[in-house]
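Please arrange chain B on chain A, whose structure you already have, making use of the hints.
So the protein lines, in turn, are chains A and B.
1 is the number of the first residue of the first sequence in this note's numbering; add one for each residue after it.
1 is the number of the first residue of the second sequence in this note's numbering; add one for each residue after it.
It is possible that some hints are incorrect.
Claimed, not checked - Each computed DSS-like pair below joins lysine-lysine, with the alpha-carbon atoms no more than 30 Å apart:
(1) LYS339(B) <-> LYS156(A)
(2) LYS119(B) <-> LYS156(A)
(3) LYS177(B) <-> LYS254(B)
(4) LYS254(B) <-> LYS274(B)
(5) LYS156(A) <-> LYS359(B)
(6) LYS242(B) <-> LYS339(B)
(7) LYS9(B) <-> LYS119(B)
(8) LYS156(A) <-> LYS21(B)
(9) LYS279(B) <-> LYS156(A)
(10) LYS156(A) <-> LYS15(A)
(11) LYS359(B) <-> LYS274(B)
(12) LYS229(B) <-> LYS177(B)
(13) LYS9(B) <-> LYS21(B)
Quick caveat, the hints were computed from the structure, so don't treat them as lab data.
Residue strings, one per chain:
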Amino acid sequence: MSGFREVRLAALKAKIAALEAGGRADSESLPFGDLRLDGCFLGQGLPLGQWHEFTGAGMEVETGASPAAFAALVAAPLARRGEAVWVLRRDDLFAPGLSGLGFPAERLIQVCARDEAEALAVAEDALATAGVTAVFAEVEAVDLTAGRRLQLACEKHGATGFVIRRRPYGGLGRQTASGSAAATRWKIAPTTSEPAPGEFGLGPPRWRVELERCRGGRPGAWLMEAQAAFTWEAQDGPHPLRLVAELGDRQLAPAQSVRLSA
Amino acid sequence: MRRLSAVDKAAAAAGLYPGQKATDAAALVPDLFTAEAEPEADATALTALVDWSVRFSHAVATAPPDGLFLDITGVDHLWGSEAELVADFRARLARNGLFFRCAVADTPGAAWALAHHGKDVEIIAPPGGQADLLAYLPPAALRLEPEAAAQIERLGLRYLFQIIGLPRAPFARRFGKQALLRLDQAMGRAEEALTFRRPPNPWFARLAFFEPISVLEDLQRVSRDVADKLCARLELESRGAKRFELTFHRLDGKAYPLTIGLSIPGRDPARIAKLFAPKLETVDPGFGIEVVTLTAEAVEVLSGRQARLDASREAALEEGLAPLVDRLANRLGEDRVWKSAPVESHVPEQSARPGAPLKPSQGWNPETPRPLRLFRRPEPLDLVLALTPDDPPRQFQWRKQTHRVRFAEGPERIGAEWWRGEIDEVRTDQVRDYYRVEDQEGARFWVYREGLYEAGVPARWFLHGLFG
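Okay, chain A solo, but in the shape it has when bound (with noise of 0.2 Å):
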């Protein structure tokens, strides 16, 4: 009895896991290559073909550019392998400063958005492109239905959604979308440096990165750092970030310990 009900579970188990991989059999993955991180996710390593949600805190909430480096270093693998586009709604993305991190800025469409509608129209358009394979979107915040659109025309080619949340300056707090349809949700802080013992200026930028939330795999919190930033081996690494650090618990693992370790 007990064998027949275990049998029919596994069956309702991936029935529903064929579902939310769109019907796709086989859901791809991008590892990390770091087992602590990679163990989060179910397929051992970021989803692809769905969206992933990047935000910053403090004054990153409006200049977003942590989590623009970070969205952009998760990224970089599959921006070689394919287009991609870099959806704006203000026109300061630097490509020179993509191209130091690792990221092949010089392959990278632009695109600027008069309002946020027409952001998250144009990201839809792109992610639905035959050839593209990252698309990325610095919007204000992404509804329900917004992001349900988003997921679908991710599920077309296989393309792969990484939405930086941006309030625009002097904006006010915009209600945040509560539940919200992405993959996995990232808040990105930076961190301080670490220069190489004997090294001049700064080491390799630093982020917290904490994965809020990531639907079938569990959070967690870590240092990463752009290993190879500002170097020619930045462009053809494995992966360009590296794991420092496990941060424990989220709450109890203050700023402070951070700057000990420095």
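Chain B in isolation, oriented as in the chain A frame:
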């Protein structure tokens, strides 16, 4: 009743004039040789002359039945002066047996008046000087209906100087708005739009309808049909075009042109019709549309491409990305879709410029750290604590928040590119010393001090960008 429509020199000498009754003329000159007037052939000949005159100006309009307007703004210097241009023009026409009266003036109206009623066969009015030359011309020089001109003359106003001085409102009431408008056009007080003949475009397709159409679905269908028609011809001659103009001609003569652009030359009718589709809503069909035309511009050679047999993972450019770029560029505007291309410049804001979205471009040197967000205008920093001349800031305030600098890198001195402009314009206050700094929380900034260090002058600091 048959009348003379034109007379040659010998006939004019015999006292004949256009408009004379044919029987009267035959009575005066018994051996008069007449030929049938062919107004249509005249119009065709005039059009041919317009096409020929393009060598003098790209903007040529006909002035039926027997005249031409040439817009020679900015062209005359190619001949040396207006007089030399006119001389060359007349000489070339004379070689073909055509003798013209010619006038150059500020306005088409004044030029017409001087050419038709001026004393000489060749008059060049100095800029702003048409009033003096027009003064002793008859009212008919204003391109009025013969009755209107006759009416003005009947009142004793034989010369234009008498009219020019009249109060406007009573003049308009007495002789009609048309007369006032013509006067204003001649004097340059009112605009006049000439319909310049456009060079014939061979890439043109036209569909006329038996019944006028007005429903949106019909417009969509005919835009596809006319695209099919033109693209079939493009395909036949292995051409593709980058710009298409679809024009809907309404029953009342109004035309609604719509244009789209492609990033790479194309001739796929489905794709072209699709790009027009969102714009069709702006067309007001009125009482109906009777003709639709489509022209292709920027036509280039485009060899046929075979659809691929192998289902490769990597989609071809013309299947995926190019249609997307076209859709976005047509919807948002061409300047809103771009790919950054490197420029050989040390000035950071000039080292990347928006380029064509589908053009392959080179990368940048990753070893010079550049910020991810670059401000269009560097933002001034307040309360900067720094040891001049060479030290990076220790602390600064930006947007009312104080940042204590933990690490700093620099300076990277970037000066104005003296080799690009005049050497006298280069100043030392254009020099910027850039520092990459990290504050106590890890946020990374790109700040610079403007100008060289001078004792006693407070240094000015700016934030130019943010690293992620």
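Outcome of the hint check:
Restraint check for LYS339(B) and LYS156(A): the C-alpha separation of about 25 Å stays at or below 30 Å, so the hint holds. Taken as a hint, the LYS119(B) and LYS156(A) pair is broken in the structure, with Cα atoms around 77 Å apart against an allowance of 30 Å. For the suggested pair LYS177(B) and LYS254(B), the alpha carbons sit about 24 Å apart, so the restraint of at most 30 Å is met. For the hint linking LYS254(B) to LYS274(B), the alpha-carbon distance of about 24 Å falls within 30 Å, and the restraint holds.
With a C-alpha separation of about 26 Å, the suggested pairing of LYS156(A) with LYS359(B) holds against the 30 Å cut-off. At most 30 Å may separate the alpha-carbon atoms for a hinted pair to count; LYS242(B) and LYS339(B) meet this at roughly 19 Å. The suggested pairing of LYS9(B) with LYS119(B) holds, with an alpha-carbon distance near 18 Å, which does not exceed 30 Å. For the hint linking LYS156(A) to LYS21(B), the alpha-carbon distance of about 80 Å lies beyond 30 Å, and the restraint is violated.
Proximity of LYS279(B) to LYS156(A) is assessed by CA-CA distance (about 26 Å); at most 30 Å being required, the pair is judged to hold. Distance restraint check for LYS156(A) and LYS15(A): the Cα-Cα separation of roughly 19 Å lies within the 30 Å cut-off, and the hinted pair is therefore satisfied. Taking the CA atoms of LYS359(B) and LYS274(B), the gap is about 23 Å. The hint holds against a cut of 30 Å. The suggested pairing of LYS229(B) with LYS177(B) is violated, with an alpha-carbon distance near 46 Å, which exceeds 30 Å.
For the suggested pair LYS9(B) and LYS21(B), the alpha carbons sit about 18 Å apart, so the restraint of at most 30 Å is met.
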